[in-house]
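Q: Now for the letters of each chain:
There are 2 protein chains.
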Amino acid sequence: MSTALEILVDGKACSEGWPLDRALQYGDGLFETLLARKGRIRFEALHADRLARGCDRLAIHADPESIWSQARRAAARHGEALLKLQLTRGDATLRGYAPSGTERARLILSVFPAPRASELPAQIQVVTCPHILGENPALAGIKHCNRLEQVLARASIAKTGAFEGVTASSSGCVISGTMSNVFMELDGELVTPKLDRCGIEGVLRAVVLREAAIVGMPVRTGDFPMSALTRCTGLALSNARLGLLQAHWLDGRKLQGSDRLHDLAARIEALEE
Amino acid sequence: MSTALEILVDGKACSEGWPLDRALQYGDGLFETLLARKGRIRFEALHADRLARGCDRLAIHADPESIWSQARRAAARHGEALLKLQLTRGDATLRGYAPSGTERARLILSVFPAPRASELPAQIQVVTCPHILGENPALAGIKHCNRLEQVLARASIAKTGAFEGVTASSSGCVISGTMSNVFMELDGELVTPKLDRCGIEGVLRAVVLREAAIVGMPVRTGDFPMSALTRCTGLALSNARLGLLQAHWLDGRKLQGSDRLHDLAARIEALEE
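Sequences listed follow chains E and R, in order.
Read left to right, the first sequence gives residues 387 to 659 (my numbering).
Read left to right, the second sequence gives residues 387 to 659 (my numbering).
Looking at chain E on its own, in the form it has when it is part of the complex:
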């Protein structure tokens, strides 16, 4: 793209910004949403693992030590905060989709006020979402910047007034919430969807699975049809911001709730990690 003859932004010659950043052009990048608590990043090692997997998958080259030392310093400065860490492939050096391999990754770290429990509604309402998620194993699991499916799904959920919406894959399986992973108590067992064809492998999801294993509480990962949602007795959402949060209502049905999900949530909240 060094060959561009002219670049105009809103009609003016562009003298700043990164009009050729590949994340801007193609969503060619990765991100992490980090919770800082007492000046430290919660579950930093798991976030770093997922970012590294994303970099491997997309062949984005960046120095993890530089990335995480910057994130740690920001967490230390702000104490309690929500951090968005975005790593783009950087400015395009060629026109077109193929990376040249000579791009220099760009790190964008944005700091937001810490979430407060008082921001949560007293009753967590979840609905099934009409939007589906396309299946592509090459992109499944990682937290890349192609998020239009979530944008559309989230916009439709926002209109319903519900806190979260559960989305299905194009094959009709439960995958996740629009901004969270999901755990269900279904026919007496704890389950969570497999994410090998779409969805993001949440860091909190990994923590839930790890802690459940530690306390000897099996969680089965598998493929579950959307009809499972009409039968589950408990449903919890997980992400870095929320931790593990039980829903009270699912499509207008009052959920009985799950003692096991309750205990796991309390255990995870108390972790010093």
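Just so you know, the hints here were simulated from the structure itself, not pulled from any lab data.
One or more of the hints may lead you astray.
If several chains are the same, the list does not tell them apart, and a pair holds so long as it fits within one copy or across any two.
[Stated by the list, open to error] Cut-off 25 Å, straight-line C-alpha distance, at most; resulting in silico cross-link-like pairs (BS3-like, lysine-lysine):
no., residue 1, residue 2
1, K470, K424
2, K640, K545
3, K398, K424
None of these values were measured; they are calculated from a predicted model.
The hints should help you fit chain R onto chain E, whose structure is shown.
A: For chain R alone, kept in the frame of chain E given last:
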């Protein structure tokens, strides 16, 4: 996102750029690749139609007259050029996936040298691509900025030395090239894949379908399994830059070629539009 406490880019406080542009964060935007010839945008009305469909689908609000008058002026200034017109949803005004509805769209117009026929290889080699395309009708057809599937596919094709790769949907149907639509001569008829579950409805594809109808040369749109590629006797690629271009080789098999695709390509090349 007006609530950001701090934004760092590569470790420095960010005083320029658009770190919160939603296209950068989520690929939340649209683009058009335009060919300027003799100071005019080829097939401008069809590009404007597709961009408008994308704006409708993603609920991005922008004034088409302002967009296209800027593009026309750039085409007039450069005469012969390739233009990339990108329309992002603009800077985020809230944290998270849901648009607030108060974003102001950003228009980025980048001008590149006109493509030259001499840049094309003498023999156009096409291969089948191992990367698949996820299926999501909500995003099918429009030219949005979630293009990691194309980035990965294009990177793998670049390694083979082939000019283009043909990708399948997750259901195993032929969809398109990584940067083009495809037309096949198959069992004596001209066909092109339906794009209701994935793929981009190319402007040149629309021109091919229109011109074929004008000259009474039926092109059937449908679902074709990838195995159709082993049987087709002609294959042509279409996009704004290439026009309609016949391939000589498909997965190492010499193609017989199609007189009808040849005639259509010549007809389209000669259009003054």
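Q: Hint by hint, which ones does this structure get wrong, listed from lowest number up?
A: Checked against the structure, no hint fails, so every one of them is satisfied.
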